[in-house]
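S.K.: Starting from the known structure of chain F, arrange chain R on it as the hints suggest.
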Amino acid sequence: MKGFSGKLRIVINGDIREVSENITLAELIKSLHLTPERVAVELNRRVIRRSEWAETTFGEDDRIEIVHFVGGGSSPFSSV
Amino acid sequence: MSSVAPTITTKSDNKFEIAGRTFTSRLIIGTGKYRSYEEMKLAHKASGAEMVTVAVNRVPLNRNSESFLDHLDPSLIILPNTAGCDTAEAAIRTARLAREALNTDLIKLEVIGDATTLFPDNEQTLEAARVLVKEGFMVLPYFTDDLIMAKKLLDAGCAAVMPLAAPIGSGLGVQNPANLRIMREQLPYATIIVDAGVGTASDAAIAMELGADAVLMNTAIAEAQDSEKMATAMRLAIEAGRLAYIAGRMPKRLYASASSPIAGAIK
Chain F
7 MKGFSGKLRI VINGDIREVS ENITLAELIK SLHLTPERVA VELNRRVIRR
57 SEWAETTFGE DDRIEIVHFV GGGSSPFSSV
Chain R
192 MSSVAPTITT KSDNKFEIAG RTFTSRLIIG TGKYRSYEEM KLAHKASGAE
242 MVTVAVNRVP LNRNSESFLD HLDPSLIILP NTAGCDTAEA AIRTARLARE
292 ALNTDLIKLE VIGDATTLFP DNEQTLEAAR VLVKEGFMVL PYFTDDLIMA
342 KKLLDAGCAA VMPLAAPIGS GLGVQNPANL RIMREQLPYA TIIVDAGVGT
392 ASDAAIAMEL GADAVLMNTA IAEAQDSEKM ATAMRLAIEA GRLAYIAGRM
442 PKRLYASASS PIAGAIK
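Quick mapping for you: the protein sequence lines, in order, are chains F and R. For any residue, its number in my numbering is found by taking its place in the first sequence, counting from 1, and adding 6. For any residue, its number in my numbering is found by taking its place in the second sequence, counting from 1, and adding 191.
For reference, chain R alone in the conformation it holds in the complex:
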């Protein structure tokens, strides 16, 4: 028998809030890669997500472009992102344009450092975050799973931190459970949103069991053979993972521990 008594910690299921807004759903989803607008709309509905992220791009001048925003359920909160930016300056300009067009202070800050891995450039991200926070933005930065970087981003005034679980669009699942758990334990009051890397429902559940406040995903739903069903699976996985985290899992043991009384069994 271990002499160490199990510590009893009851976690309260605090609300998921960003910038003073309370969300019922802990799933945030993307709007890219869907095979059709119809499929996207069905998946959005099935996911139960209340917030979706959209990218900012140059309008094509040589052809009529229908407005993508008109294909989104008007009740969804739109989180513009700075996807495609590879410098702090480009990300800052993109954020300002997004705010002007959408009249929102929310921005998912992405500064990509490398085209092969799409890993974030943490240094440029921090630089952009500092400027945007001063300008009144609610900054949600995508970054690598580094605790010190998370602290710096929060010190800069970011509304949440969004560590990756694996490369964007890879579907590899949570590759960094220890780092995400350390981040949760060391930053108990921070809003942590796992962004990128989830491939299927169990990955989303794992991210939530590690203590993430929410998960942001796009490809796992958009590239599923049936996006609508996968969106439902993700909704349930996020709920299950969150409940398991709040419930507090049993300790792991190397050896068996009988569930039924052994004494009293017939011989």
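With the rest of the complex left out, here is chain F:
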């Protein structure tokens, strides 16, 4: 549901964020200063392909996971 304020509440990587209600995923990635080719995105547990980012918008309380790659080997807790 979209509020009167034109803002939406979404959860990005566990953090609650307010974004404008018409923002697309592509715009969100840009606003976070992320390199599109280096990240992958899940919206409500479904991977959104990069080609779909420009058409993807959000609903209230959507959950977004944005991941990238970090150093690691056989150890799950060995992030650089």
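Treat the hints with care, since some could be wrong.
[Unchecked claim] Chain F is faced by these chain R residues, among others (derived, beta-carbon under 7 Å):
| # | residue |
| --- | --- |
| 1 | Thr222 |
| 2 | Gly223 |
| 3 | Ala246 |
| 4 | Leu252 |
| 5 | Leu260 |
| 6 | Leu288 |
Since the hints were derived computationally from the structure, they do not count as laboratory data. We put the CB at the ideal spot given by N, CA and C, even for glycine.
M.R.: Only chain R this time, still in chain F's reference frame:
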């Protein structure tokens, strides 16, 4: 004299292949725990490894994050892993994200069952493997050194199996030579990659002498006082161990067996 003639088995040095790709190096290394990117790059080069594994993690939102991938030699094949996942579901989601970001079907599947030992949850691993294979992934699962589990993972369609030699990051060396040898003998056509537990070069050689097709390691190189030198040592140990396995070692005897003729010695 033993009445049993030694069996002569010549092993051919088959190529190390994963998912149709042939590798010259039988060493796969991690990208974590290095003191600097520079040190990591030098170690990667010295190791001769053609494939490195990287972890998938949430991007930090409150600070600029440089891309870790830009610090890797572009000629390296990247093997994303599901490190940090403790359920099949999390591992499956992580694998899907990794595929989307890297455009690769390779995935090192890890589902950890316990934070103290970092032992794998074999049941969840198998469940995730079944789903990911159906989705077209080349699944390389980390699991405990259990032959029956290895069979189930291979039956599920995994491209290789990756039994541990000791707990992750422990550097204890190969704690399970009998189980690894049994796995090799019982699964002669499977690709077996020993993953985790190696501490120094002799450990890597032992894993290869037991018949592993390859060894994956991270901490043994990253936490060595000189990572680059240890990476070289590991490269040589992997080659030496593989050669020794192919050559076929002499049988062990309890008593001495003279190398020089005894008859004819002066008295």
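S.K.: Checking hints one by one. Is R:Leu288 an interface residue toward chain F, by the C-beta closer than 7 Å rule?
M.R.: holds (4 Å)
S.K.: Under 7 Å is the threshold here; is the Cβ of R:Gly223 close enough to any Cβ of chain F for the hint to stand?
M.R.: holds (3 Å)
S.K.: Do the numbers back the hint for R:Leu252, that is, is its least Cβ distance to chain F under 7 Å?
M.R.: holds (6 Å)
S.K.: Hold the hint about R:Leu260 up to the distance rule: shortest CB distance to chain F must be less than 7 Å.
M.R.: holds (5 Å)
S.K.: Just to be careful: measuring from the Cβ of R:Thr222 to every Cβ in chain F, is the smallest value less than 7 Å?
M.R.: Interface hint status for R:Thr222: holds (4 Å vs cutoff 7 Å).
S.K.: Given R:Ala246 was flagged as interface, is its beta-carbon under 7 Å from a beta-carbon of chain F?
M.R.: Constraint on R:Ala246 satisfied, holds at 3 Å.
Checked against the numbered hints above, the structure breaks none of them.
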